[in-house]
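Based on the provided sequences and hints, a complete structural model is requested.
Protein sequence lines, in the order shown, are assigned to chains A and B.
Number 140 in my numbering belongs to position 140 of the first sequence; there are no gaps in the numbering.
Numbering-wise, my numbering comes out as the position in the second sequence, counting from 1, plus 197.
No lab work stands behind these hints, which were simulated from the structure alone.
For clarity, every value in this text was computed on a predicted model and none was experimentally measured.
Facing chain A, a subset of chain B residues (Cβ under 7 Å, in silico): (1) Arg207; (2) Glu208; (3) Val215; (4) Ile279; (5) Arg298; (6) Gln410.
Derived lysine-lysine pairs resembling DSSO-like cross-links, with alpha carbons at most 30 Å apart: (7) A/Lys130 with A/Lys63; (8) B/Lys288 with A/Lys63; (9) B/Lys423 with A/Lys63; (10) B/Lys266 with A/Lys63.
Just so it is clear, CB atoms sit at the ideal spot from N, CA and C, and this is done for glycine as well.
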Amino acid sequence: MAEPRVDYFYSFRSPYSYLSGPRGFALADNFQIDLRFRGVIPMMMRGESVPTAKRLHTMRDVKREADRLGMPFGRIHDPLGEGATRTLAVSEYAIDVGRVREFVLTAAQAIWAEATDPATDEGLRLICEKAGLEWEGCHAALSDPAIADRVEANTLELTQIGHWGVPVFVFEGEQFWGQDRIDDLALLLDDAGLSRH
Amino acid sequence: MSQLRDRAEREIGPRLIVAASTVTAPARAAAGARRLAGRSGRVELYFGFDEPTSAFAVIDLAQRLHGRKVIFDLLPVVERGIEDDPALERKRVYRIADGRRLGRRIGLTLSRSEPIDPQQTAFLAAWVAAAPRGAALTRFCVAACRRLWFESDGPLDEGRYEELWRECFGSAPVADGAAVRANEQQMTSRGPYETPSAWIGGRWFFAHDRSAQIADWLDELGWTVK
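Set out below in structure tokens:
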């Protein structure tokens, strides 16, 4: 029987997505679920604005949360634009070759804690190889229209389910918005008898 | 020039914001000075009676602040949020599902399945904004939030909340809409754009999401549980 599906909507430009990564992917270790990574185009590239007060608060809040979670944060390179687009394209390729978890965790840390610029071939290649992906395949994905369509479809679906931000997890139609709601999702999965332990 | 600007926006600016946020000495010194002068710490909570996430924050924070020498300053607002937020209605609906989960964390079951229009609870905000700070006000806000979101459904009966007010204060409530507007302006000047948000020693937190951070920050400021 197929395992119940959990969709994981994620943006490389969202530091809260970065914080969610290790615990988000670990859900598949702890529960009998089919965790589907769904990379989406950043809000600001979808024509939505982010007020200054929100931008400032996000940086400060994420730093405090990162410290609490024991995750590095602060040596940032904002990937808005090409960096986000290229990283999304490679994440789809990484799904196809079974290394999406490794790529997403590596890329997000590179962006939010190591100031790596994925808009350059040098930066992106470093990330890809660190995640165990061969560069030729990653490079080909950057110009593959089918891959770009998949990213567009993910982004459209996030809008269609009525959500506005990331990270978002969706299990049986119920949405869990935020890296601070992963424990609540885990409780629900546990209630559903899906625990592996 | 544009390369330099690009680097400033993508790297230098965000790094400076993060680095500045780790400076705690001035806040700790100010808190120490307050203690030396025999004064209490202060937790300002900006909240709306119309949302379950705020109800959770009021109930949860009232419990967590117990035993700390801090004043719990309950500051209700009605108008707030990001200007022209396209997700405003979706957020109000989502808060119902979120409120259900938050309630579960403190052993409460959400009794409502629909959002409340902010204007329907504006009378409560006007009463609370006009009242003196202290234990009676905290008692009323906690009881009103429980009743609103965890013990009732359907239309609000103002008379029942007036009874509750009399139980807590021994007198009738006085409404002050201007005091609510003042809370809204103060909240904006502090930085928060949505509720529930807590302002403590120069930092603000989303109060329903950051209970652990709030406790850590109070400890760091020296407002520990005695």
